Amino acid sequence: MDYLDFAASVNNQGVTALLLGDRIGAFGFFKGAWEALSDGIAYCGFLPNDKVDPSINKALRVSDVPFVPVSTAAFEGAAVRQGEAASFTFQKPFAFNTGLELVEEHREIYKAVILLNLAMLYHKESGLNDIYEKTALELYGYSLEVLKCAVHLDCSNVLIATLNNKAQIFFQRHEVERTTESLEKLSQSLGNALREGFKGLEDADIDGLLLNVHCQRALVCAPGA
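Everything in the sequence shown is counted per this note's numbering, starting at 51 for the first residue and increasing by one.
The hints are simulated quantities; they were obtained by calculation from the structure and are not laboratory data. Among the hints, erroneous ones may be present.
[As the list claims (entries may be wrong)] Keeping only pairs whose Cα atoms sit at most 20 Å apart, straight-line, the calculated EDC-like set for lysine to aspartate or glutamate is:
hint	residue 1	residue 2
1	249	204
2	198	175
3	198	225
4	198	234
5	184	154
6	184	195
7	81	114
8	161	204
[What the hints assert, rightly or not] Restraint-style ranges between C-beta atoms, simulated for each label pair:
hint	residue 1	residue 2	range
9	89	260	34 to 42 Å
10	72	115	20 to 28 Å
11	226	191	13 to 21 Å
12	182	228	16 to 24 Å
Keep in mind that this is a model prediction, so the values were computed, not measured. Built from N, CA and C at the ideal position, the CB exists for glycine as well.
Produce the entire structure from the sequences given, and follow the hints as far as they go.
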């Protein structure tokens, strides 16, 4: 097993851990997958295991892309009311489709996927610790930087999820300028993807993203915002 397949397998064990409600274990797996990709090694303290939760395999069977978001009971997307606007945070971790060949050319994109998974873990806990929110924001930023190097592979679902969640942190902080800038980027990326027949996210997730774009942009642009 080469290091790309190894990293994908370890990442998927992290998603399985989330399905079992084990966030600490998931963090360890995601961190291990990141290290494998960063160092180009096939061993980083974890033994690869092809046994993943059936719901992961179900999500992957209907996909022809290397990575897809997976719904978990402990780690789902959340929509909550914030004053006059709704706030949807994307919280579905991405699993790798190990039935497809992973290639060296897309190594940076795979790293962005794992960065997003790590960021969502911190974001989920950020209500209890402001340091977690800061870490999540930094990881979202790193993921976006890596995605700028994306070539010849559709990673719209990762880009859109990352842009959305970064915008939600700014929105919760009442940082109007940064929220507006992030929502504009989200609107543009989501609009482009939908015009091209985007199928990388479930309809309910797209509805939540559109809710953010329309409601939050109207709120932050309102007089006196």
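Hints and how they fare:
1. 249 / 204: Holds - the C-alpha atoms of residue 204 and residue 249 are around 11 Å apart, at most 20 Å.
2. 198 / 175: violated (27 Å)
3. 198 / 225: Violated, at roughly 24 Å.
4. 198 / 234: holds (17 Å)
5. 184 / 154: It is violated: about 31 Å lies between the C-alpha atoms, which goes past 20 Å.
6. 184 / 195: holds (17 Å)
7. 81 / 114: Violated, at roughly 26 Å.
8. 161 / 204: holds (14 Å)
9. 89 / 260: 34 to 42 Å: holds (39 Å)
10. 72 / 115: 20 to 28 Å: Once the Cβ atoms are compared, 26 Å apart, the range 20 to 28 Å for residue 115 and residue 72 holds.
11. 226 / 191: 13 to 21 Å: holds (19 Å)
12. 182 / 228: 16 to 24 Å: holds (19 Å)
Consistency note: the structure conflicts with the earlier hints numbered 2, 3, 5 and 7.
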